[in-house]
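Number of protein chains: 2
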Amino acid sequence: MISLNNIAEICGVSLGTVSKAIGGKPGVGEATRRRILTVAQQHNYRPNRLVHSIQRGRSMMIGVACNRFDDEFAGGMVTGIFETLFEANYDAMVIYWDRSVQKGVHVLNSLAERRVDGILMFPPASYPEGSYLDDLRSFPNPIIVLDQAWPGCEYDFIGSQDIEGALLATEHLIELGHRSIAHLGCRHTSTGEDRMKGFQKAMMRHGIAIHEKWVRDAWEPPFEDAYKIAREILEQPERPSAIMTFNDMVALQTMAAAHDLGLRVPTDLSVTGFGDLSIATPVRPQITTVKQDPEEIGRRAAQRLIERIEAKSEDQPRPKLIQDRLPTRLVVRQSTAPCQSAQ
Amino acid sequence: MISLNNIAEICGVSLGTVSKAIGGKPGVGEATRRRILTVAQQHNYRPNRLVHSIQRGRSMMIGVACNRFDDEFAGGMVTGIFETLFEANYDAMVIYWDRSVQKGVHVLNSLAERRVDGILMFPPASYPEGSYLDDLRSFPNPIIVLDQAWPGCEYDFIGSQDIEGALLATEHLIELGHRSIAHLGCRHTSTGEDRMKGFQKAMMRHGIAIHEKWVRDAWEPPFEDAYKIAREILEQPERPSAIMTFNDMVALQTMAAAHDLGLRVPTDLSVTGFGDLSIATPVRPQITTVKQDPEEIGRRAAQRLIERIEAKSEDQPRPKLIQDRLPTRLVVRQSTAPCQSAQ
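Protein chains in written order, with my numbering: chain P, 1 to 343; chain F, 1 to 343.
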């Protein structure tokens with residue numbers, strides 16, 4: 001790639017003149033400026049943003065700390081992030097941060113060394129522990145947390161109304177006459193914890209007993225264990241007539257378990273998902289679920305981060321911590337129906 | 001964040017001394033070195049990799065040009081890429097390059113301006129056109145293309161044995177006695193084109209007629225149109241007994257169309273997918289499909305790119321262009337069965 005020095009040599013002018021001409025600054029004759037710009041274009045000159053970053057003390061680069069790349073929901077958030085960063089002329093450096101932790105590397109070293117202006121953070125699958133949190137605290141620029149929070153989280157958070165969404169799904173089952181309702185959740189994450197709370201809230205509001213043996217965890221993505229656990233619940237002599245699940249993949253595994261035991265969904269068992277992922281509609285029965293908006297979560301998180309970065313560079317006081325939870329909405333499809341034993 | 005200048009001030013030494021101490025270079029007394037390192041650690045000093053990048057003429061940063069982030073297959077490749085880059089101590093800058101093109105921005109500007117050492121490129125959904133290709137040609141460092149190639153592609157390519165995989169799926173249907181076989185493909189992509197070739201090859205090898213009306217395209221992800229097209233094919237008075245599809249999402253839409261028309265899969269219709277995505281096993285019937293290895297594609301692409309970058313910096317001759325296609329494998333599940341009319 002051609003450098004400013006090369007251009008100066010070709011045009012027979014000083015480096016300073018080339019720098020002024022390309023930067024659009026005064027002090028260069030019109031003919032010289034044109035000649036310099038023509039040579040730069042012919043040789044496909046590209047400004048060096050590394051130099052600009054050092055000069056300006058702002059890298060215009062955002063760090064995105066991800067944990068999984070094959071998850072549709074996280075991918076939706078990333079899409080929203082990239083749309084917003086692109087519009088605002090920021091670039092993005094991505095790290096695979098659970099992997100860094102496994103390898104004993106300080107999670108944010110590379111982002112700090114590249115001088116990113118801020119971080120958009122997808123928390124690890126489980127709650128972050130001491131070394132994560134210490135690393136985060138040592139990072140000098142703004143951090144925004146997406147989707148999953150943790151107890152005592154000291155950062156701005158953008159996510160979904162998980163409690164409310166779970167409440168809607170559970171009340172939908174209750175309205176259909178279900179009283180024996182199980183919950184197949186994911187309580188070691190904050191979204192799982194909140195969806196569990198929404199489930200409990202709905203059950204308590206309607207005075208319906210929660211059976212401990214019917215409240216279980218589906219473990220990690222891709223949630224293959226959910227099949228086994230759903231099957232265990234459904235093989236008991238006394239089984240629930242409905243299962244409210246953590247997300248659409250867990251719902252799908254639950255429906256598979258029901259199918260393999262000869263139970264018809266929704267006639268013998270109603271199932272709800274969460275997320276409204278792209279699998280919710282092509283499967284039969286289509287999954288009744290709670291719609292989230294991952295792209296909007298990504299957009300808002302990126303916007304908020306940019307605001308924080310700009311407030312910081314203008315030495316404005318640090319804005320008050322926010323928790324922004326986007327509304328969720330029930331989408332009734334084919335996997336839920338009136339309770340047979342109630343009719 | 002503390003700078004080398006700040007450390008020099010605190011320790012009452014010169015900037016040069018601090019730089020030597022931190023860089024592990026000689027010329028600093030042991031006590032002074034220890035004091036400098038202690039101060040650096042206490043104040044959480046982080047080296048500035050932007051400065052190193054400029055000094056070394058290598059950014060140790062790779063550009064990853066993506067088009068979709070919510071696609072499980074692409075996500076698998078990204079996972080493999082990040083594993084490999086992490087091991088080799090490279091960082092990754094990600095761009096959303098179809099979006100850049102829509103906005104009329106030169107697709108690779110930001111990667112060139114950040115001086116990335118090379119690019120891992122996920123081609124756009126359709127074949128790249130003139131301005132894409134011109135932009136790529138103006139990029140001075142190595143480029144590796146993943147998954148989707150295009151006619152006349154001038155870069156190293158890492159992907160799957162798509163033709164062979166499609167041949168396996170089609171021959172599996174033929175062995176089950178099917179003769180009326182449709183193909184629901186995606187011919188505006190290279191993988192779609194190759195899977196179509198594999199289908200044709202198998203049909204020709206066994207002397208089976210291909211019906212033009214049964215060879216259709218499923219359009220773009222998430223392939224909702226596939227449902228409509230599968231339905232059109234299955235509503236005809238004369239319908240196929242099997243459909244070989246472009247990927248697992250198209251297979252799922254095809255199974256939904258069959259279900260809604262009262263056709264049982266696999267009794268009345270056999271369906272094959274491609275990819276072995278995480279939806280292939282929790283759905284009922286489980287999808288017979290062709291297994292690919294997206295993570296290994298990502299790992300090999302990143303390894304190849306690093307080799308090319310290092311060969312370049314050592315002024316070795318440019319290595320011969322490669323096309324590395326990873327094997328695919330048939331996985332027989334529940335969505336295919338012997339042809340009823342053949343029995």
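You may find that some hints are simply not true.
[As the list claims (entries may be wrong)] Taking lysine-lysine and the DSS-like style, the derived pairs with C-alpha atoms no more than 27 Å apart in a straight line are:
no.	chain 1	residue 1	chain 2	residue 2
1	F	K291	F	K197
2	P	K228	F	K291
3	P	K213	P	K201
4	F	K228	P	K291
5	P	K228	P	K320
6	F	K291	F	K312
[What the hints assert, rightly or not] Quick look at which bits of chain P chain F covers, simulated, 3 or more residues with Cβ under 8 Å:
no.	segment
7	25–37
8	57–71
9	78–86
10	268–282
In short, the hints are calculated from the structure, not lab data. Cβ coordinates follow ideal geometry from the N, Cα and C atoms, glycine included.
Hints versus structure:
1. For the suggested pair F/K291 and F/K197, the alpha carbons sit about 18 Å apart, so the restraint of at most 27 Å is met.
2. Simply put, P/K228 and F/K291 have alpha-carbon atoms about 24 Å apart, close enough for the 27 Å limit, and the pair holds.
3. Distance restraint check for P/K213 and P/K201: the Cα-Cα separation of roughly 18 Å lies within the 27 Å cut-off, and the hinted pair is therefore satisfied.
4. Our distance criterion of 27 Å between C-alpha atoms is met by F/K228 and P/K291, whose separation comes to about 24 Å.
5. For the given pair, P/K228 sits about 45 Å from P/K320 by alpha-carbon distance, which is inconsistent with the 27 Å threshold.
6. With a C-alpha separation of about 35 Å, the suggested pairing of F/K291 with F/K312 is violated against the 27 Å cut-off.
7. Counting residues of the segment 25–37 of chain P whose beta carbon lies closer than 8 Å to any beta carbon of chain F gives 0, which falls below the threshold of three, so the coverage claim is violated.
8. Counting residues of the segment 57–71 of chain P whose CB falls under 8 Å from any CB of chain F gives 7; the rule of at least 3 is met.
9. For the segment 78–86 of chain P, the proposed coverage by chain F is satisfied: 5 residues have a C-beta within less than 8 Å of a C-beta in that chain, meeting the threshold of three.
10. For the segment 268–282 of chain P, the assignment as covered by chain F holds, since 4 residues bring a beta-carbon within under 8 Å of that chain's beta-carbons and 3 suffice.
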